[in-house]
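Assemble the complex: chain A is given as a structure, and chain B must be docked to it using the hints.
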Amino acid sequence: MQNRSTTDAARDSIFQSIRANLAASVTHDALESEIHHEAIPVVSSAAPLVSEQSLVQWFKESLEAVDGHCLVVKNELELTATVSDIISRLQETNLRARRIAISDAPEVESLVKALHVDFDEVAVTPSASEVFSFDVGISCAQAGIAETGTLLLDSSRERHRLVSLVPPVHIAILEARQIVGTLGEALSQLRQTEKVSPIATLVTGPSRTADIELTLAIGVHGPQELFVVVLDT
Amino acid sequence: MNHVTSETFDQNAKAALADSQLRGALRNATSLFGQRRLAAASSLTNWEDLRQQARAIKDDVLLHLDRYLEQFVANAESRGAKFHWARDAAEANKIICDLAKERNARSIVKSKSMTTEETHLNVALEAAGIQVVETDLGEYIIQLAHETPSHIIVPAIHKTKKQIAELFTEQLGIAPTDDVARLTSTAREKLRDRFATADIGISGVNFGIAETGTILILENEGNIRLTTSLPQVHIAVMGIEKLLPRFADLDIFLKLLPRSGTGQRLTTYQSFITGTKTDPTSDGPEELHIVMLDNGRSKMLSHPVTRQSLACIRCGACLNACPVYQQIGGHAYGSVYPGPIGAVITPQLMGLQKTQQLPYASSLCGACREVCPVKIDIPRLLLYLRSEITEKAPKGGLGERLAFKFWRSLMTRTWAYQLSARVGRVFQSFVVKDKKIGPVNALGPLTAWTKARDLRPLDRQSFRELWHNELSKTKN
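Quick mapping for you: the protein sequence lines, in order, are chains A and B.
Note that our numbering gives residue 193 to position 193 of the first sequence, counting from 1, and the numbers run on in steps of one.
Start counting at 1 in the second sequence, then tack on 1000, and there's your number in our numbering.
This is chain B alone, in the form it adopts within the complex:
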């Protein structure tokens, strides 16, 4: 396991920036996904309307979450699903370990689920002596390498095929190859045995439909279909916010999610699972257990700004669009949710104490808000979290706080502002070089600030002065 945590974001980011192979891979991936998303979105004439509708639906769900949950649970239970409730990760893991132990399960197959990454389920299962194998190709690679995913949609985005080939040679004993088709078919063959003998299949959930009790899971590989149809027991883990009111709402969300995630019109497979099978002779699991996870989500309902975090459908579009993620990748965030959405979700899930640097991992450019299929205002959330951080534990020393007090008094008084501008015009000549205020060492605490930013010097006349002078000219 790598021990990168959110606490050390600044160092993580610096290390990532020095990794030219990683940055090359990120550049390719994020630009390709960005282009595909744009092409897929513009293939629909009503993309903006779809986003608005999707957000309105999610807002409705979140504002009435208790009622929609009751409806969803009642409908799924009437069809044979069993529900389990977990306040936090430990409770979720215990529920699943207990279910496995009660059934004497030896082997579990798992499909990709960010929610179970969030709870570190695999660690808990292994500690309980239960074998668990990830079956999504990217997750399988990550598991073999004892790493963590670096992207929501493409977990092994940070690894080259050469590294993957070496990993397969070492761990699976195949002949060295750099043929992607061969690597893929190796994983297929290795995992077939696991599917055939698994006692339990564990999956995530993309959407839960309140009016029918249906869970919907999207994928391209087919491992989710195998996970949910071969073992006799299916355990689905979902965050409590994943609901949609009506079956018909899927028409909107199935247009938005694949296009935003991979640029596909539709992913290869959508599995609609409503309770357990009615005919005992037909294919499929006999038991369906749905584990509902809170783990900090209900707390986000307490304010409209934080509540929108729960509208996220985990498409990964904001990662690809983010100039920070594009440079440093997912691991630097030290959390299962990287990129802009990670920078706002992780601090809310894990508490601000250990994640202080994440809300600052952004230039506030707004690209994430532009691409978000459910219009989450991530920059506003970042600012909200930043202000929470400074209010709880004022940053900087006495000097900095006094400096900002002084700044504020200048900015809120016209005469003081005008005077300071005049004074500034005189004294800026000491620091202006090449028509800009570049890195200056003599500015004391401002040295660090100017190191990464060029400032425009003050003009000879302010806008007010220009306006005034022009007006007096026309009068004459």
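Only chain A is shown next, with the shape it has when bound in the complex:
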């Protein structure tokens, strides 16, 4: 049985040790600052990233550099056609794309209803035990970061934790106005909310590893194909 009082005793003695050791360091610290006059670091930011191109174009280039696919569409009609096209092409490969798992975003649900392609099954947010049998996951994303080609998935705003992760293919819908320039902007967006979301994930390209002889292999545990369709109306 877990013994609450043991871990409380451990907590107290760890804090005691931290405080005692910090107190013991005071004299050494004083001597140290006499020897080393470390300059106080200047808080500078990176040279402003001036980009000639639009955020959408910048995002696309960054994502493609990490083996993701990025398609830009102008309206809902094009969106439906593009996603239909992605799925029908995948169906010709060994990725099959016959069983589709979707998040609970209403946009995704209406998109899937409009798709003009054959498939065997669509399920909204399948459970942890069901989700492994799906070929494609479709969700929205809550933000995009142009400098790195990154998606921000905030699971307090959409239930996409498993559909974006378990199926071998992830298709994400991103609105152009949700793309920010830098990581810093995305982080402050995540922080701004009253309470930080219980789960937020940054996704940059498909799953990858280089654990065997440093040879790059795409698609280890997460999706091996990542499509981001940017809706730029």
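In case anyone wonders, no lab produced these hints; they're calculated from the structure.
Beta carbons are placed, not taken as given, at the ideal position from N, Cα and C, and that holds for glycine.
Any given hint could be a false lead.
[What the hints assert, rightly or not] Chain B is faced by these chain A residues, among others (derived, beta-carbon under 10 angstroms):
| id | residue |
| --- | --- |
| 1 | 29 |
| 2 | 116 |
| 3 | 117 |
| 4 | 165 |
| 5 | 200 |
| 6 | 201 |
| 7 | 222 |
[To be verified] The list that follows gives simulated cross-link-like pairs (lysine to aspartate or glutamate, DMTMM-like), each with its CA atoms no further than 25 angstroms apart:
| id | chain 1 | residue 1 | chain 2 | residue 2 |
| --- | --- | --- | --- | --- |
| 8 | B | 1299 | A | 8 |
| 9 | A | 74 | A | 107 |
| 10 | A | 195 | B | 1010 |
| 11 | B | 1162 | A | 213 |
| 12 | B | 1392 | A | 32 |
| 13 | B | 1101 | B | 1091 |
Okay, now just chain B, sitting in the frame of chain A:
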């Protein structure tokens, strides 16, 4: 299990040097990572400022660690996380085994965590009859082979794909192949079942954010996301030093860590986990347990030199840059933390008694300090630990100590120094060959020392003499 320990570093290193396959693999890996790190660092115009800021943030955290810990714990607890405190490895393992037993857990999936390697958690879990599977590809390979990681970022860096293929054929029954994609997809398929049925997921932590109670974990494969979202219970193990004060500090550390580790701008996935889910119908674990491990860390706070060891963000850049690691790899260090940072952390965690040789596993060239994203002065730490070793247990015999006393008296008296230089100039002719003092057998205790070092002979005139002579010329 291999039984290499830090005590036998010298022998371990010699054995590693004789392994040409290992050295080839190390050469490839360390030079590739070195180049990628350099390219990634120079893609930012303010790299040096970022390093300074990162270090200043870490110094602030460490100098006020008790307060930041209280803040972190209060915030994470208010969001549903449960905290457990472990003074040492045994306590941490017991906490985790107890959590597993209370929940009748049969199967555990684990993502890569150096902290749980440090506590040898898997051994403890297996002894308690609980199945645990490593899900990071490199760690999975290592676990199948019953070995230990040899690099912080690439655990199986010492194995060739041929060895891995043979291992998979033998253990997993696949057809022989040397195709990396096929080996990778085999691991994916095998591990999917384990993810689907696991009762508990165990992960490490890269950063804990005090102001929000968030834990952040970085990865490329997706196994950490699976580990932390499929099982109903998530146990995160973190060292007490892993905190950052503010969410915004991540902007700095997320620029430094992936670039220093793998040369990526950002790793594929960053999971930000703040407490437990609020909506019971949504995906993800119902319980989040955070195990806070001391295991010798708080002791390092007692001096500014040792304290900087706790600023380490485990990027592995110093391993790749180290001429010693490049030749001998990680296993020779006999510890989960190899390379320069291992040579300073291991003795502090395990005590100097059994790790005496590690602080000497360095030429003090300073490459590690140059690449460290948080500017840890590792050479200074090595010297500090060396002096601790000699102060506690003076090395060498009476002869050596007398010799150094004599040396000191020569060096601290001008006349004695000048006299010895004159005497040296006369007698060095016996040992100078090819304009250098090479290996000499007749030098008694100095034989071993000169075996690995060539000395420059003394010049006919010292700088002082030259200076003096030139001055008298201009006066004339």
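Can you give the numbers of the hints that this structure goes against, from lowest to highest?
-> Violated hints (numbers, rising): 2, 3, 10; every other hint is consistent with the structure.
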